[in-house]
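Just need the whole structure built from these sequences, with the hints factored in.
Here the protein sequences line up with chains A and B, keeping their order.
Take any residue in the first sequence, note its place counting from 1, add 262, and you have its number in my numbering.
Take any residue in the second sequence, note its place counting from 1, add 172, and you have its number in my numbering.
No lab work stands behind these hints: they were computed from the structure.
Where hints are given, some of them may not hold.
Computed cross-link-like contacts, BS3-like style, restricted to lysine-lysine with a CA-CA straight-line distance of at most 27 Å [stated by the list, open to error]:
#1 466(B) - 947(A)
#2 878(A) - 462(B)
#3 894(A) - 191(B)
#4 878(A) - 466(B)
From chain A, some residues computed to sit far from chain B (all C-beta separations above 12 Å) [said to hold, decoys possible]:
#5 332
#6 348
#7 369
#8 383
#9 412
#10 549
#11 562
#12 602
#13 651
#14 677
#15 787
#16 905
#17 1006
#18 1040
#19 1052
Derived CB-CB ranges, DEER-like [stated by the list, open to error]:
#20 940(A) - 194(B): 23 to 29 Å
#21 613(A) - 481(B): 40 to 46 Å
#22 928(A) - 228(B): 30 to 36 Å
#23 837(A) - 228(B): 43 to 49 Å
#24 237(B) - 613(A): 56 to 62 Å
#25 769(A) - 194(B): 25 to 31 Å
#26 666(A) - 364(B): 56 to 62 Å
#27 666(A) - 365(B): 38 to 44 Å
Note that the Cβ used here is the ideal one computed from N, Cα and C, for glycine as well.
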Amino acid sequence: MQTFSIFYAPILRIFALQNRYEMKRILSLILILTLCTAYAVGQKHTISGYIWDAQSHETLIGATILDLDGGRGAITNEYGFYSITLPDGTVNLRTGYVGYRTHTQSITLDRDISLNFELEALASLDEVTIVGNRLDLSVKGSQMSAIDIPIEQIKAVPAVFGEADVLKALQLLPGVQTGTEATAGIYVRGGNPDENLLLIDGVPVYNVNHMFGFFSVFNPDALKNVTLYKGSFPAHYCGRLSSVVDIRMKDGDMENYHGNVSIGMVSSKFNLEGPIVKDRTSFNISARRTYSDLMVNAAIKLNDSFKFSDMQDDMSMGYYFYDLNVKLNHKFSDTDRLYVSWYSGDDDIFFNYLESDTGSRIKDKLDWKWGNTVAAIRWNRICSPKLFMDISANHTRYRHRMGIGVTETDKTTGESSYAGLDMNSGIYDYTLRADMHWTPSSVHDTRFGAFYTHHRFNPDVVCVDMDGTFRESGDTVLDNHISFGENSIRAHECQFYLEDDISLTQVIKANTGLSMSLFNVGGKTFSSLEPRLSMRFLLSENFSLKTGYAYMTQYVHLLSNNTVSLPTDLWVPVTETIRPEHSHQIAAGAFYQLEDIADLSLEGYYKTEDNLLEYKEGVSFIGGSDDNWQEKIAMGRGWSYGMEFMAQRSIGRLNGWVSYTWSRTRRQFDRSGMVLNGGRPFDAKYDRRHEFDVTCNYRFSDRFDMSATWIYETGNCGTMYTQYYESDMPDKNVYQAEPELGYYAGRNNMRLNPTHRLDLGFNWHRNFSDRVRRTLNLSIYNAYNNRNPFLVYVYTESRYDASSGGYVDCRTLRQLTLFPILPTLSYTVSF
Amino acid sequence: MKKTVTTILIGLLACACTKDIEYRGSDSGPILVANSMNRAGDTAYLRLTRSTFFLEPRTAAAAVTDADVSMTIDGVSRRLTYDSETMRYADVRTLQPGSVVSISASHPEYGSITATDTVPQQIEWSVDTFYRPFAMNGVSIDTIYYQGLDVGSIDSVCVFDLSLLKGESSNRYFQLEFDPYSTVVMWNGITTDTIHLPLSYRLPTGTMIAVEMLDTANSFIDMMDLIPVVCTGAHSFTFTDRQLSDTTHFEFEILRESLDSLFNMPTVRAEFSVRYSVRSMSLATYTYQKSVRKFMNQSGIMSEPITLWTNIQGSGTGILGTYVERRDSMSLARY
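This is the structure we're talking about:
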């Protein structure tokens, strides 16, 4: 009104004296028109809906929708839902997603609209698979220190034994380091493997290793999306210090049936998805199993030379692992959807031996099993065009069991006796969670929610059972059962969070968040308030600067051997003595989109961690926890800093990335009773100064493509006693010889040789029909057979010494390489 | 052609597995090692050696013979000279309970070291023995067989009861060394053979002493009160008076095998004895012992590395320790 009066006042004075009545009519008309115009210009409405794959109706995570005129945009959430509020009028929208053709559509916006988009996957020869960062993770997004990897890219990365692996692909990214060669553990920005939150459909998975860490539990055929956060964590993630790996399973094709069957040298797998009720209910099922045990047992049955003794009746032994992923997706209506996800996977080492003589039959049995089960039921509801709700109930459990038993049966009397030992441990979680996604305006993208988890920790429990009369000793033990170990520990955890992605100006965008967590165990409650912030300064369409800060708290720890992943690795909660771990991380970076060529990023970070755990000096990590496990642990602090560079090519026949990381990770344990290395700082075990990775895929034609990966990384650290000496002892009679004692200058004083390796993959495709396609894959791991270090040990042999006239022990430092050049073949039929 | 390719491939795979490498890392270089473990009543000494790089052949410890060494006992300092016969720097003075002893040594190549310790006081103890029939309860058959005994032949056990009387002062550190053995004279058909054998023994059900044990194989034996462990040969137990009640009893069930099962030869004579020592140690000696045991008990690569404790100050390591000891032996039943 003020503007109106200033503008129109001079005109009023001119007409005031001429015709007052006419003036009043004209003025009223002008006022009405002005108000109507003002009202029309301020009116906004919301467009919301889903973005899908046009063929499979699989929702697309991180797809973009952009108002071409106003420049406002939005991205889809984890369930493919978007919401964008724009001024009324004609709106030109463009939707896009990595690997898909963009779609442009004009609409007239005068009310809230529900609008779904279907995007076509790029399939022609010139439009090859595209990889690149999602909008929210790239130049224009406020999120930094995060990378999204398309599943097709993961499948293309050559891997050991030809088994495509999610975590092995993540190891090729900047800031993510490997432990020992070929193992699946990830060390993100100096953090330990237990500091990574690995989620499958939003549910944590505790033990992600098959075969002692050589493979992960994630079958890429069942997956849709993998996103890694290394820092600047959004507030809806909590519970771990160093990273979040958010993995989403495929929902299942709502329109057509399709799948694939693959046979490899180590495992076979299949995937099948399709509609149960078209456009209403779908399923996706994937399974994978190794079969070395089947081959070994077939050889045993066919070959008598495998017998241990003449009394042997039967024997079977072997090792295998399997994964099973199942997902159901039901659409009640346009606003309500239900998802049910299930994952189950186990490793099993077994040995069964049966022998008999004239008097008795004896059966020996060993069964060593470990694995995860993850289950989730989830309800999505579009409460309004601006409000999306996700409610879920889920369960995750990891359990480990080793059982050894001997059953002796008297052939004459039929009586049996049994002696056995069982070791059990595990962790069981039950969670209720609610997440709300609210877009109140085009400037704010808000999330808030809460969860409650009931944890049950089962530390090592050993049970000894004996029952019957034992022939050899003559002893009779009746139904004797002895248990050792701690009772279950129950804990309660909850989190409340609020985060907002705010477009402050065209240049400045910020993601602010606050997470509050509570953890109750043993009558004690720990709490933590965790602020999160990341900001983007868009200096041009292709260039931005970002910075971020995150404070994280972790209430569960993994007691683990750092060398290899063992199934006896044990998750334990915080206690009065073992406090929650905390970390602060700041990061800053520059992001540049070199148009049509590559996305470039350069990031630096500094991270501090407190209450880190290490085993105390001299402690053996065999045996996991016992009543005194807390006394085996030292608490200290750590800090790490580094710089990461990445160039990621998004288009063309040739795509992939090049990354380089320079980093340093240090630890210090100087608390009373928990001193390591004399309280002096030392390099962390997996401190690797340099890491360089090149990953590329090239599609020669529709029938042939190849991929290559070359890595170089500085060796990790280990502790070696470098000086030896003898010692006088008052009880020297007890020792067979004078004790020889070792001395080292400092912990992790030795560095292994650098690792470098070239992996190649070749795919030959052939279409048998419109629907059936076969692919022959040849993978060559370590193509130029470099001897990379797995571990180092001192080898001793006696040699004749002429000067002393006798034999002396001569020592050499020897490096063990686990995997030389390894070619593998696999055959896949897709339909 | 096939054979050639197969041979090459197998050769490639085999030789890809291990290779010798150079050590890449930090190393202190040879350090001065001081060993001075002094028993009260004996002349004091210091043995100086240098450490050996871990990849060097282990010949006899390289003695450092040209260091400048002095020892101070109760304030009186004396320069020590190297004795090539005993390979030590020996003093003529003896240490007594309560003496304060210090050493200092310097060498142009290895640097200087110093250390101080105080000789502890004597402790009082008594010993008693009695017999009771052998009971199998809780001892597994496999354990008995492992120790080489025929369970059917064990006829009795001998209980050795050592009582340590707690003194007025606290924070005292002790060690009990226990070595049961048999001396058997057997007739091989022509002459007699004298055989010395370590005896097996166990700590019976209910033993709750929180001590560490080191057996002749240098392996750690857990003191599980539910499952008695059978051991053979000399053992030592190191503990503090914080683990004692007014008196502490060590009951060792010594498994004395009947003679007919020994080597299937007629027995002429057999004697069963126990040698034992009770030591009162200084805190430095006790802490060093525990540190060495922890080091000896490591499970290779499955254990965390250990920084050995030392009371040597300066550019060296080792121990200046003191203890008071009483030794005795006891004869068990004679056949």
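Could you tell me which of the numbered hints above are not met by this structure, giving the numbers in increasing order?
Hints 3, 17, 19, 25 and 26 are the ones this structure does not satisfy, whereas the remaining hints hold.
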